[in-house]
Structures are given as structure tokens and as C-alpha cells.
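Trainee: The lines below spell out each chain.
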Amino acid sequence: MSIPLNFVHEDDLSEFVMTQLVNSFGDKYYIGNLYYGGGFGYIKKNINGFNEAAIATPFFILTDLDNGECPVKLMNEWLKPERKPNLIFRIAVREVEAWILADVEGFSHFLGISPSYFPANPEMVDDPKRLLIQLAGKSRKRDVREDIVPINSNAKIGPNYNGRLMEFVFDGWDINRAKSRSVSLSRAFNNLQNFKYIAPTSPKK
Amino acid sequence: MIISRVKLKNWKNFKEVDVPLQDRTFIVGPNASGKSNFLDVFRFLRDIAKPGGGLQKAVTDRGGISKIRCLAARAHPDVEIEIHISEFGSNEPLWKYSIGIKQETRGYRLPYLTYERVHHKNKLIIDRPEAEDKKDQERLTQTYLEQINANKEFRDINRFLENVVYLHLLPQLLKHPNSFTGPDLPGDPFGKGFLDRISKVNEKTRSAWLSKIEIALRIAVPQFKEFKYTEENGRPHLEAVYEHWRPKAGRQREDQFSDGTLRLIGLLWSLQESDNLLLLEEPELSLNGAIVSKIPALIYRLQKPRKRQIILTSHSSDLLNDSGISLDEIIVLEPTQEGTNARTATTIPEIKAMLDGGMTPSAAILPRTKPKNINQLTIGF
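Top to bottom, those sequences are chains A and B.
For the first sequence, our numbering assigns the number 6 to the initial residue and increments by one for each residue that follows.
For the second sequence, our numbering assigns the number 40 to the initial residue and increments by one for each residue that follows.
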């Protein structure tokens with residue numbers, strides 16, 4: 006029987022990546038509700054609520070480490086008192102964009118640029134979003150470039166950043182290639198693979 | 040009195056619904072899930088009960104039984120409505136009123152009653168079809184509710200239902216009533232005759248209510264100073280004075296008010312206007328989030344002394360962010376293949392758990408009403 010999995014995410018791109026990850030397990034999961042509030046503040050503020058709710062139904066939370074020191078520390082800080090068994094809490098090092106950059110072959114093809122521009126270890130990049138935008142700026146495909154690169158310095162991302170990257174995540178992103186270059190992605194993948202749903206004691210229909 | 044429970048079968052989006060309602064009830068759900076159709080049940084009953092109304096008219100005004108019946112209806116095609124009426128603040132049913140409606144299979148294809156029942160304090164006092172109905176089938180094309188001769192024993196229900204107020208104020212309609220011709224809609228749901236409604240209230244009450252609105256507007260609308268009711272050539276008008284460097288300038292009539300100002304006036308007026316069930320359609324529209332976040336508390340304060348029930352639909356996270364809203368007061372609509380499900384937020388375990396974990400009702404509930412695959416919305420263009 007498929008496990009219903011509710012998503013909690015920081016931004017649209019995380020949602021696409023989570024969807025693609027979960028879909029790679031075929032029938033094991035189906036996606037329930039999506040909880041999204043913009044930025045990590047939303048997740049941090051509401052994490053207790055999701056943790057409590059995970060007693061009744063599984064939740065998959067993905068957040069970015071950003072400038073934090075280490076994922077374990079962040080998890081311990083946020084998740085007090087303790088993680089409930091049906092809560093999958095994963096942290097992308099440092100941002101979910103690094104998971105995109107980790108598929109060097111796929112993403113360089115998508116942008117139409119040489120793979121040699123890509124970092125060997127995307128988890129070591131301080132600001133993966135900025136790097137992703139820089140790389141997109143080199144793209145020979147005009148519409149891709151214009152969608153992803155901000156129109157001027159007063160915007161943080163391009164006008165159709167999410168829409169364009171969604172196209173890549175759903176059609177071009179290869180999880181196997183990407184997880185070979187990202188430990189945090191590989192861990193998230195394994196977590197989803199090994200996850201077993203523990204039904205609440207009073208079973209609901 | 041309040042409607043403390045509603046049961047529906049095959050009403051529009053809803054194949055089967057049975058939900059308790061509170062003094063203050065919030066209906067939330069995705070677009071086209073049936074929020075307005077849920078409110079329409081009460082308008083439908085009002086249209087049956089009110090003078091000049093009746094079952095035939097209420098059904099015809101909605102385009103016939105085929106427009107009312109749920110598309111998911113199959114084996115049991117009757118449209119059925121049951122409401123429980125209780126005292127304010129209670130859920131003990133004082134009255135129960137229920138009807139089943141079907142359409143004649145030939146002839147004029149009139150809607151007719153398959154049953155009409157009234158309970159008073161759990162005692163069945165009307166149970167149709169009666170012997171008379173069986174002799175004369177035509178009787179079943181009218182409810183007892185709409186007939187003064189027949190509703191003597193349950194006149195309270197009739198009075199309660201005929202006074203139900205629905206408000207979904209459309210500012211453009213109020214600003215330019217003459218541009219929208221055609222017959223006025225019964226009950227003036229969209230505020231076309233809003234100014235006439237104000238003019239009909241006696242002067243003392245009117246100025247008392249308006250002065251309360253004035254205080255609120257001074258807080259909510261920048262530069263707003265004064266507000267009054269005037270009449271010119273027998274036509275009612277609202278006039279506001281805004282602070283301006285030319286002291287005589289800055290005077291504006293309702294047709295120059297902003298949409299938000301008008302909607303706020305409409306909302307504040309309706310909340311004061313009567314003691315009867317008030318149905319509000321998305322009161323947050325055109326209003327600043329900070330104002331919207333005060334609506335739940337405002338409703339509570341104004342309904343309490345009047346013992347008045349208020350049912351509203353909303354998409355607004357500002358409105359549902361109020362942690363003073365109980366999960367009992369929220370009805371979540373969830374569309375499925377087999378029509379829309381309606382349930383109280385308390386019956387959804389993860390919502391309760393999220394609130395226990397410190398989340399607000401809006402953070403816990405509104406994501407459920409978000410369309411799936413919303414990100415693909417822009418792809419087709």
C-alpha cells in the first residue's frame with residue numbers, strides 16, 4: 006500500500022526536487038498535502054506542529070543548511086524534544102540548488118555549457134544559488150538565460166527561475182548521477198528508501 | 040437562534056454532508072470546491088421561506104433541479120436538506136427541518152417534495168407526505184414552510200430562515216448602479232441597493248452605526264477624517280472627507296471611494312444591521328492583510344450581544360491566522376471524484392496535532408486547500 010507523504014518545503018524548487026525524489030520510488034509513496042511558507046523561518050517556526058502531526062501521518066521536510074555549521078547540529082537545534090518516527094527531516098547542503106548542480110552532465114546539457122565550469126563537489130560551494138545563476142548566465146540558450154538570471158540587481162532570481170528549473174528537475178535531472186556528488190542528497194535518498202510507515206495506535210480508515 | 044447542524048444529500052458539489060456548525064463558522068476550500076454552494080443551502084431555504092418565494096421559485100431561480108443535483112448522484116437522486124436549529128451558543132436541537140426534492144419525470148417536470156419533516160425538541164410534528172398529499176399530488180409542489188396556513192406550528196423556523204442575510208458586496212455595482220440594468224436580484228446579494236438599505240434605517244440608529252464605522256475607517260484608511268450620510272434629490276449618498284492641504288477639498292462620494300473602503304463599510308454595516316444569520320462571502324477581498332486579521336475578533340464582538348450566527352467563506356491566511364479561532368469553527372471542503380467532502384477541522388487528526396505543536400489554524404489548514412500541481416499553472420502559457 007502506498008504511503009501518503011506530506012511535504013514541507015522552503016521554496017518551489019525544493020518541492021520539485023522532493024517530488025522527483027519520491028516519485029523515483031514508484032508506488033511506495035503518494036504525495037499528500039504541501040506545506041510551504043517561504044523560507045526556512047516558516048519551517049523552523051512550525052516544526053513542532055509538523056513533528057506532532059507526524060504521529061498521525063508521515064511528513065517529509067526539506068530545508069537548506071545555508072550558512073549553518075552542520076546538518077546534525079541544525080536538526081538538534083530545531084527538533085526539540087525529539088523526532089517522531091514518521092518524520093523524515095532532511096537538510097540540503099548548503100542549498101537544494103547544490104543537488105541540481107550535482108548532476109553535472111544533465112544540467113550542463115540543459116544549460117548548453119561545458120561541464121568544466123561545474124564544481125567537483127557542489128556541497129563545498131558557499132552559495133549554490135548564486136553559482137547556478139552565474140552558470141545560467143553563460144548559457145547559449147537565450148530563453149533559459151533570461152528566465153533564470155535576475156533582470157537587474159534589485160531582484161534575487163530570474164522572473165521564471167522556478168518554472169525553468171522545474172522543467173529540468175522533471176525532465177533532465179538524474180538522481181543517481183547527482184547523489185554520487187552529494188552526500189546530503191544520497192542520505193535523503195537512502196532515508197526514503199529505508200523508510201517504514203508506523204501507523205498510529207488507533208488505526209484510521 | 041443558529042443553525043447548529045446541516046445534512047445534505049446531492050446538493051450541488053456535495054454528495055453527502057453532515058457537519059455541525061458553530062456561532063461563528065469559517066468555510067475553507069480550494070477554488071470551485073463548493074464554498075458558495077455550501078452557503079447557497081441557507082439562501083435556498085430563505086428563498087423558500089420568504090414572502091413571494093416558495094419551493095418552485097427557489098428551484099427555478101437556480102436553473103432547475105438539474106443544476107442543483109450533485110453530478111455524483113446516482114442511486115439516490117433526491118436532493119435532501121436537513122438543518123437543526125438551536126439557541127445561540129448551544130448545539131441542542133430545538134427544531135429540525137428536512138426536505139427531499141425530486142423532479143417530475145413527465146409533464147411540466149416540476150420539482151416536488153418526496154418528504155417534508157419538522158421536529159420540535161425531537162418530537163415529529165409534521166411528516167409529509169400526509170394522507171391529503173396522497174390524494175392530491177399537486178400539494179407536494181409546495182412546502183408547508185412557505186405557507187402561512189400550514190406553518191403555524193413552526194413559524195419560528197420560517198421567521199428565522201426568511202431573514203437570512205447574504206453579503207458579497209461588489210464595489211463596482213454600488214458605485215455605478217445605473218450601469219447594471221436588469222431586474223434586481225432577490226435579497227440584494229451584491230450590494231447594488233446597499234445605499235437604499237442604509238437610507239431605510241431610522242436616522243438615530245443610522246448615525247449611531249455610521250459613527251462606529253467612522254471610527255474604524257479613521258484607523259484603517261490613511262488620511263480619512265469624516266464620514267456622513269447625505270441625500271441629494273432623494274438619492275442616498277455616503278460622503279467622506281479626507282485630510283487635504285486645501286481644507287474645503289478632499290470631499291468624496293461613494294463612487295470615488297476605493298474598493299477596499301467600500302467593502303469595509305459594507306462589512307461593518309452588515310455586522311451591525313440585524314440579528315439574523317449572516318452569510319459572508321470572502322470578507323477579506325480588497326482589504327489589507329492587517330485589517331483582515333482583525334475580522335474574526337470583530338465578528339465575535341459584534342455577534343455576541345446580538346446572539347447572531349455568522350458563516351463565512353475565506354481563502355485568507357491573514358484571517359485564519361487568529362489563534363482564537365477554534366478548530367470546531369472551521370469546515371474544510373475537500374473535492375474528490377465523488378463530490379466534495381465537508382468536515383470539521385477537529386476531525387482531521389494531523390491538524391489538531393499541528394495546533395498542539397504551536398501552529399496557527401491557517402498554517403495547518405490552508406495548505407490542504409491549495410491546488411495540486413499549482414506550479415504547472417504557468418507552463419501552458
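Derived by calculation from the structure, the hints in this document are not laboratory data.
Cβ coordinates follow ideal geometry from the N, Cα and C atoms, glycine included.
Some hints here could point you the wrong way.
[As the list claims (entries may be wrong)] 25 Å max Cα-Cα, derived BS3-like pairs, lysine-lysine:
| hint | chain 1 | residue 1 | chain 2 | residue 2 |
| --- | --- | --- | --- | --- |
| 1 | B | K191 | B | K160 |
| 2 | B | K54 | B | K96 |
| 3 | B | K411 | A | K33 |
| 4 | B | K106 | B | K46 |
| 5 | B | K409 | A | K33 |
| 6 | B | K391 | A | K201 |
| 7 | B | K96 | B | K160 |
| 8 | A | K49 | B | K409 |
| 9 | A | K50 | B | K160 |
| 10 | B | K106 | A | K89 |
| 11 | B | K239 | B | K214 |
| 12 | B | K48 | A | K85 |
| 13 | A | K50 | B | K409 |
| 14 | B | K411 | B | K391 |
| 15 | B | K48 | B | K141 |
| 16 | B | K54 | B | K411 |
[As the list claims (entries may be wrong)] Counterexamples of contact, computed for chain A against chain B with all Cβ distances above 12 Å:
| hint | residue |
| --- | --- |
| 17 | N11 |
| 18 | G31 |
| 19 | Y40 |
| 20 | K50 |
| 21 | N51 |
| 22 | S119 |
| 23 | R135 |
| 24 | S144 |
| 25 | I156 |
| 26 | F194 |
Trainee: Determine whether the non-interface label on A/S119 survives the test: each CB of chain B must be over 12 Å from its CB.
Mentor: Given a closest Cβ separation of 29 Å, the condition holds.
Trainee: Does A/N51 sit more than 12 Å from chain B, CB to CB?
Mentor: Not fine: 5 Å to the nearest Cβ puts A/N51 too close to chain B.
Trainee: Run the distance test for B/K411 versus A/K33: straight-line Cα separation, threshold 25 Å.
Mentor: This hinted pair holds, its Cα atoms lying about 19 Å apart.
Trainee: Need the status of pair B/K191, B/K160: alpha-carbon distance at most 25 Å?
Mentor: Answer holds: B/K191 to B/K160 is near 16 Å, not above 25 Å.
Trainee: Are B/K409 and A/K33 close enough, with their CA atoms no more than 25 Å apart?
Mentor: This hinted pair holds, its Cα atoms lying about 23 Å apart.
Trainee: Do the alpha carbons of B/K96 and B/K160 lie within 25 Å of each other, as the hint requires?
Mentor: violated, 30 Å
Trainee: Are B/K391 and A/K201 close enough, with their CA atoms no more than 25 Å apart?
Mentor: holds, 23 Å
Trainee: Keeping to a limit of 25 Å between CA atoms, is the pair of B/K411 and B/K391 held or broken?
Mentor: holds, 23 Å
Trainee: Assess, step by step, whether the Cα of A/K49 is no farther than 25 Å from the Cα of B/K409, and give holds or violated.
Mentor: holds, 21 Å
Trainee: If you draw a straight line from the CA of B/K48 to the CA of B/K141, is it 25 Å or shorter?
Mentor: holds, 12 Å
Trainee: Does the structure keep B/K54 and B/K96 at a Cα separation of 25 Å or less?
Mentor: holds, 23 Å
Trainee: Between B/K106 and A/K89, is the straight-line Cα distance small enough, at 25 Å or below?
Mentor: violated, 48 Å
Checked against the numbered hints given earlier, the structure breaks hints 7, 9, 10, 12, 17, 19, 20, 21 and satisfies all the rest.
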